[in-house]
Structures are given as C-alpha cells and as structure tokens.
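Residue numbers (the working numbering), protein chains in the order written: chain A, 26 to 441; chain B, 19 to 112.
For the record, the hints were derived by calculation from the structure and aren't laboratory data.
We put the beta carbon where it would ideally sit given N, CA and C, even for glycine.
The reader is advised that the hints may include incorrect statements.
Heads up, simulated DSBU-like pairs for lysine-lysine below, C-alpha to C-alpha not over 35 Å straight-line [as the list claims (entries may be wrong)]:
id	chain 1	residue 1	chain 2	residue 2
1	B	K69	A	K90
2	A	K90	B	K84
3	B	K89	A	K247
4	A	K57	B	K69
One-sided excerpt, in silico: chain A residues whose CB lies under 8 Å from chain B [what the hints assert, rightly or not]:
id	residue
5	E126
6	V268
7	R276
8	V279
9	Y326
10	N327
11	S328
12	S334
13	A335
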Amino acid sequence: MQKKYSWYSLLKAGLSNQEWDKAIPLCKPKSKYDVIIIGGGGHGLATAYYLAKECGITNVAVVEKGYIGGGNTGRNTTIIRSNYLRDEASSLYEHSMRLWEGLSEDLNFNVMFSQRGVYNLGHTLQDMRDIERRVNANVLNGVDAVVVDHKEIKEQIPIINTSKNVRYPIMGASFQARAGVARHDGVAWGFARAASNLGVDIIQNCEVIDIEVEEGRVKGVKTTQGDILADQIGCVSAGHSSVIAKMAGLRLPVESHPLQAFVSEAMKPILHTVVMSNAVHGYVSQSDKGDLVIGAGIDGYNSYAQRGSAKIVEHCAAAILELFPIFSRVRMNRQWGGIVDVCPDACPVISPTKVEGLYFNCGWGTGGFKATPGSGNVFAHTIAQDKQHELAVPFHIDRFTTGALIDEHGAAGVAH
Amino acid sequence: MFLIDCPYCKESRDQNEFAPAGEAFIARPQNPEALTDEQWADYVFYRTNHKGDHWEQWVHTAGCRKYLLVKRSTISHEVIQVSTFGEINSENIS
Numbered sequence: 026m027q028k029k030y031s032w033y034s035l036l037k038a039g040l041s042n043q044e045w046d047k048a049i050p051l052c053k054p055k056s057k058y059d060v061i062i063i064g065g066g067g068h069g070l071a072t073a074y075y076l077a078k079e080c081g082i083t084n085v086a087v088v089e090k091g092y093i094g095g096g097n098t099g100r101n102t103t104i105i106r107s108n109y110l111r112d113e114a115s116s117l118y119e120h121s122m123r124l125w126e127g128l129s130e131d132l133n134f135n136v137m138f139s140q141r142g143v144y145n146l147g148h149t150l151q152d153m154r155d156i157e158r159r160v161n162a163n164v165l166n167g168v169d170a171v172v173v174d175h176k177e178i179k180e181q182i183p184i185i186n187t188s189k190n191v192r193y194p195i196m197g198a199s200f201q202a203r204a205g206v207a208r209h210d211g212v213a214w215g216f217a218r219a220a221s222n223l224g225v226d227i228i229q230n231c232e233v234i235d236i237e238v239e240e241g242r243v244k245g246v247k248t249t250q251g252d253i254l255a256d257q258i259g260c261v262s263a264g265h266s267s268v269i270a271k272m273a274g275l276r277l278p279v280e281s282h283p284l285q286a287f288v289s290e291a292m293k294p295i296l297h298t299v300v301m302s303n304a305v306h307g308y309v310s311q312s313d314k315g316d317l318v319i320g321a322g323i324d325g326y327n328s329y330a331q332r333g334s335a336k337i338v339e340h341c342a343a344a345i346l347e348l349f350p351i352f353s354r355v356r357m358n359r360q361w362g363g364i365v366d367v368c369p370d371a372c373p374v375i376s377p378t379k380v381e382g383l384y385f386n387c388g389w390g391t392g393g394f395k396a397t398p399g400s401g402n403v404f405a406h407t408i409a410q411d412k413q414h415e416l417a418v419p420f421h422i423d424r425f426t427t428g429a430l431i432d433e434h435g436a437a438g439v440a441h
Numbered sequence: 019m020f021l022i023d024c025p026y027c028k029e030s031r032d033q034n035e036f037a038p039a040g041e042a043f044i045a046r047p048q049n050p051e052a053l054t055d056e057q058w059a060d061y062v063f064y065r066t067n068h069k070g071d072h073w074e075q076w077v078h079t080a081g082c083r084k085y086l087l088v089k090r091s092t093i094s095h096e097v098i099q100v101s102t103f104g105e106i107n108s109e110n111i112s
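Excised from the complex, chain B in its bound form (with noise of 0.2 Å):
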C-alpha cells in the first residue's frame, strides 16, 4: 500500500482510490497498416516489466477521474515522482 500525490487534485490519497493503467508512454502507432506484424504485436502485448523505477498510467478512479503518470519503483513500491500528461512525455522523462 501507498499513497499517490494526485497531480490534479493536489492531494495525497490512498492508492486504493486509483486503479493501475500499465505501462506509460507506449504510443499507438501513427499509421497501424504500415507496421508488420513483430511491431504490432510488440504494441500491443510486449511490455517492459522494469524492475526498478518505472513509469506507469493511473485513473484516480474514486478522485477526478483523471489519468495520469506516475514514476514507481516496482522493487519497493516507493512513489518517485507523480505528473500529469501534459508535464511529461517519452522524449523529456527522466
């Protein structure tokens, strides 16, 4: 268990108010006829599985009700960073 800092409602809340979203900055490809079938597949089932710091989707679900980022280490469930969207994408993460 642990808490979230909710970046739009500007509290820490408990984890059990925001549903886990997987695995943040995958993309949906641009133009999905022109891939093979490899890339598509690595969209659509491959997935990182970081032991570490990882980046991953909520849904404050019982909250705002909006999606957003949180960077997590998946070794001691410690909360690193929280963010929305619009802060924080693929090419500025840390």
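Chain A on its own, in the form it takes in the complex (with noise of 0.2 Å):
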C-alpha cells in the first residue's frame, strides 16, 4: 500500500503508467479489539483515526454494513459551517471548523474543502432580528459572521431574485466566509485511508446484529462476519442508532426520518458560494463537478427507507426557483434520500450511556456532515478516556432527564 501521496508519487505513477495502489486494504475481522466503531461513515472514521493518531489506540475495527461513505456521508449536501447560535453548539462546529481548515494536509488526502462562504437568507423582520443575534452570538464566541442587506447580497450574487414582488422576499442574510463545502466520499475515504495507515482495521460488508452485554458492561459483537470481542464499543450508526441501541437494551432519545436532496446535470460556474434559507426551506450550491446540488427537509413520518415523499421535493425546488428564477430551466439528474436520526433539541447525543464501555455518537439529524471531524475528534477522546471531552460533555443524553436542552431549532431547524 502506498502510505504517502504527494506530488513525487503522482509524477512517477504518471510517467510510468503504474497502476495505483488500493487506497484501503480489504480486512477480515480479528477476534478481539481494544475499540469497535459501529458505522464506517465519516463520523465513525474520523473517530477511528483520532483514536488512533491522538490517543494511540490503533487496535481499532471500524465495522460498516455496506460500503464506507455510503450512507448518508454520500447523501449529504456537504455544507460546512460553525454561525450556531448557542455557546455550546458553536463551539462544537467551530472546533471543527478548525480541524476541516487543516485536514487535506493532515490526512494526506484532498478532500476538496473550499471555504466559499456560506448565506443564511432572512425574509421578515423576525428573521431578520433572528439573524443579527445569531451573528452578534457568533462574533462573541470568535466565529466568523457577519449581516448584510439585500443590496450587498445582490451584487455578490447577481442571479438571485431580490425583487420584492415575491411571496418571501429576501432582506437581507448571514454570511459566514470561512464556510463552505467538501467533497463528502473524498472525507471518508481520507479518513479511512489515513486510519488504516495507522493500523485500524476498516471492516466493509460487515452488520453488527447484536451486541453482547454481561453485567452491564459490553464484551462484543455479534456480526455478518462472525463474533468479535471489544473492550469498549462506540456506535455511530446516524439513522439506525435506535436500531443498535435495542441490541443492547437501550432507548435513544431520536427519530429516523428520510432527508433529501438532488443534483442537476453539470452546468458551467454560476454559483460561487452556498445559499440557504430556512423561511423557504432550500439550499443550493455549485459542485466543483458544475452540478447544482440541492438539499430539502425532513418527511415528518419515521422511514429507514432512504427515500421521502415527492412534496417535499416539489416543495424545496419551489423555493429554490423563488430565489433563483434563471435555474428554472435546469433540468435534475438524481434526487435521493437518506436517514437521519433527529434529537428533540437539534444538537447531537455525544455521550456515555448506562452500559459500561457502550458509546453513542448519534442525534446529528440532517447537519451532521459539517462536524465530521469535531464529531470523531471529541468522540474519540471521550471513548479513550472513559470521560466525556470537555466539548462533548453537554452533549450527555442525560440533558433529556436534567431538561439542559440545547435549543438549535434557530440554525439547526432547516436541514442542512
């Protein structure tokens, strides 16, 4: 296996035609580990590859029932940004923020993160007041934000509808510049291929169908691909954390919806940066590929079935075309769903539960993808240490029974 990439290895593996290496190895599963990871997206390989790099515990397995990055790490609309209004949130985001900022280099992979700035659109007044303390919360806990008007928006983005002869006209947004988008396989596979380099067994085609607990403390897994022991086990199974919860005889505060999204065909550049809006519920950005992509909300219902019903995409696209009047005539390549576990409070569950060695990562509903990193990066110290990281720590799943929730429904309330 090739362990480094960098431009020597391209020039060679150009000039001789060599076939490259397998960025990953195909591993069987051994009969014990010091850590299982249930769920091989990107949460669960970032989690895996700190724990390795950060807190040198590299006999790690990572167990994926598909394939790494195919669940809803390649069904996300790779928006990435830290503009949360609470403390604690904001400080979650922004500390991945910091690590996205430096990861294609730490991981020796590009992931394509490019920092084209991110417009949350307000549309009345309240959303307007809504904006302006969120931005004045994010300046105080050193995120980057700032409000602009209408006027300024229009000259950065001169497509957008700002007529005010509309049903919601724009008046103004947040920006947040160092925001942005990732290539979303490209994360998974760096992480994979970077906490394989570091001796963690990445497991594909491998369902965890039960979890072995004794004595309120767990001991392994039963799988596809037969039993393996683990000292501590965490779960970062987004959608199906209900699901691996029940295995081991616990209920999670969450509900599985479907969330989804669509791409166009591929289009020259006319879209330079992202734009949301909560009001009229869509976002958009312009892929590196040139295909627009497209995000809508959650179906109010329960599914496990990766795909929502059509009203909703019928919804989202008619907000999209309000801000965005040239695009009416783009014609959509793909539409999908995935299955995100919604908490009550918006924010995630980053926490211990009452099965000793048992850890769930779970609760990220439809904005997840922007805290990959953070997300692995606390959940790994918290699982080495047996003690929550000072980040994660009100995370805890006991703030459903204390009643300290974490109300992001104002920036976290829009899929995203």
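Given two chains presented individually in distinct reference frames, assemble the corresponding complex, making use of the accompanying hints.
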C-alpha cells in the first residue's frame, strides 16, 4: 500500500503508467479489538482516525454493514459552517471547522475543502432579528460572521432574485466567509486511508446483528462476519442508532426521518457560494463538477427507507426557483434520500450510556456532515478516556432528563 | 408517497392530505408529579423509533381533520392497518 501521496508519487505514477495501489486494504475481522466503532461513515472513520492518532489506541476496528461512506456521508449536500447560536453548539462546530481547515494536509488526502462562504437568508423582520442575534453570538464566540443586506447579496450573487414582488422577499442574510463545502465521499476515503495507515482495521460488508452485554458491560458484537470481542464500543450509526441501541437494551431520544436532496446536470460555473434559506426551505451550491446540489427538508414521518415523499422535493424546488428564477429550465439529474436521526433539540448526543464501555455518537439529524472531524475528535477522546471530552459534556444524553437542552432550532431547524 | 385509508372518511386518500403526529400509544401519565425525572424524560423525549411495522398517529389535515391510527412499515412505507382511537389501544394491538 502506498503510505504517502505526494507530487513525487503522482509524477512517478503518471510517467510510469503504474496501477495505483488500493487506498485501503480489505480487512477480515480479528477476534478481539480494544475498540470497535459501529458505522463506517465519516463520523465513525474520523473517530477511529483520532483514536489512533491522538489517543494512541490503534487496535481498533470500524465495522460497516455496507461500504464506507455509502450512507449519509455520501448523501448530504456537503455544507460546512459553524455559525450556530448556542455557545455549546458553536464551540463544537467551530472546533470542527478548525480541523477542516487543516484536514487535507493532516490526512494527506485532498478532501476538496472549499471555503466559499455561506449565506443564510432572512425573509422577514423576525428572521433579520434572529440573524443579528446569531451573528452577534457568533462574533462573541470567535466565529466569523457578518450581517449583509439585500443589496450586498445582489452584488455578490447577481443571479439571485431580490425583488420585493415575491411571496418571501429577501431582506438580508448572515454570511460566514470561512464556511463552504467539501467533497463528502473524499472525506470518508481520506479518513479511512489515514486511519488504516495507523493500523485501524476497516471492515466493510459486516453488519452488526447483536451487542453482547454481560453484567452491565459490553463484551463484543455479533456480526455477519462472526463474533468480535471488544473492551469498548462506539456507536456512530446515524439513522440506525435506535436499532443498535435496542440490541443493548437501550432507548434513545431520536427518531429517524428521510432527508432528501437532488442534483442537476453539470453546468458552467454560475453560483460561487452557498445559499441557504430556513424560511422558504431550500439550500443550494454548485459542486466543482458543475452540478447544482440542492437540499430539501425531512418528511415528518418515521422511516428507514432512504426515500421520501415527492411533495418535499416539490416544495424545495419551488423555494429554489423563487430565489433563482434562472434555474427554472435546469434539468435535474438525480434525487435521493438518506435516513437522519433527529434529536428533539436539534443537537447531537455524544455520550456514555448506562452500559459500561458503550458510547453513542448520534442525533446529528440533518446537519452532521459539517461536524465530521470535530465529532470524531471529541468522540475519540470520550472513548479513550472513558470521560467526555470537554466540548462533548453539554451533549450528554442525560440532558433530556435534567432538562438542560441545547435549543439549536434557530440554526439547525432547517435541514442542512 | 403512499395512500392512507381514512377510517372516518372511508376513502383512500393521498398521504399529502395527512400530517404525521408521532408514535402511537404514548399515554400521558395519570399522575405526572409521581414520576421520576427519568420516567418523565422517557415520556417526553424517548421514542421507540421502530424499524419495521410501526403504529403511529396521523391527522387528516386536508380532510376530516380527525386523528387516526396507522400501522405502517418504516422499511417499505406500506400501510398495513388503519384504525380509529376507539377501536384499538395499546392493549389490543396486533
């Protein structure tokens, strides 16, 4: 396996026409690990990477029922930002943002992180008050943010419709310049390869079918590739978190919903930034490939089906067309759904559980992608020290019992 | 997308006419003061989030505006059974 990618390796491979080595080896499970991570999406792979890199625990397996990055990691609309309202959430997402800023170099893998800025539009006076409050909170927390009015938005994005003669005219926006997008499956591959280089086993096509608990402590997992013992188990299985929790006799404060997105055919560059709107409910950016990446909302009903109802897509398309009438004849290429685990307060659970040695990182709902490195980082420390990382403390599952919820619906009420 | 047979309207109608209203059979505690914080949290926030055949509440918002019970697969979205609240409760569900 090629340990390091570089200009030299690229040149050498290019000139010699050599076959590239596989980025990660295909692994079969060993009988025992120190830590098993259930779920080979971005968050799970990031957890394994930081366990190996920062916590010195390399006897780690990531078990994934499909292929890595084949779930929500490859289904989201890749938006990265940290302009959350609450101190707890803002600290966590900003921690993640700082990791994003050095991630390609750290992983030796180009995750195509592009800080092209994110506009969160406001369409009513109350939207603008909320935006000002959030921007002020961001600035106090050291997160870059400014309020811009509709004229500035029009100057920056000439194709946007700032007419007053629409149902929800644009009044202004918050703008975070350091926000942007990244190549989502590249993130999974980058973390997988970097973790694998540090000795982590990444086991694909290996579904966990049961969790062994003995006297209140985890013993290991039963999988479709046999039994694996472990001292500690971290569950990072997004939409299926409740299913895994049930195996250990636990209930979670999350419900699984379909979240849909769609992309257009590839076009010449037309939109250089990310535009999101909570009020009309849609968000759009243009990928480096040229297609418009558009995200809709969740269906209100529970589902594990990775598809949602057409009215959600229709509603989102209507919102995007009101913002960008020029897109009315763009043909859409593909549409899909992912299953997101939504918490009542729109904030994740990063927490130990009543079962000793079993930890959950779930409830990211509609906005987990942006947190991938930060989530993995704090979860790795939480597992390694058997004590929550300081940034994870407010995200303990007990907050639903104590009432100390982190109400982030202001920043996360829209799917993103 | 799926159709729901409204047990009140006696008609099969598009799901878009209905709004989901959460997991079924979560009874409000008779004596909330007697509950521990854990029991209260379980009532308010914790959910079964079942993968498979799942009983849930819907309301026929664009129709009769009545609440109804639906047993639906969360894997295939197939509607298996519909019922009024009078016919079925947490004791006699299948």
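Next item on the list: Run the structure past the numbered hints and jot down the numbers of the failing ones, going up.
Entry: Hints 2 and 5 contradicted; others consistent.
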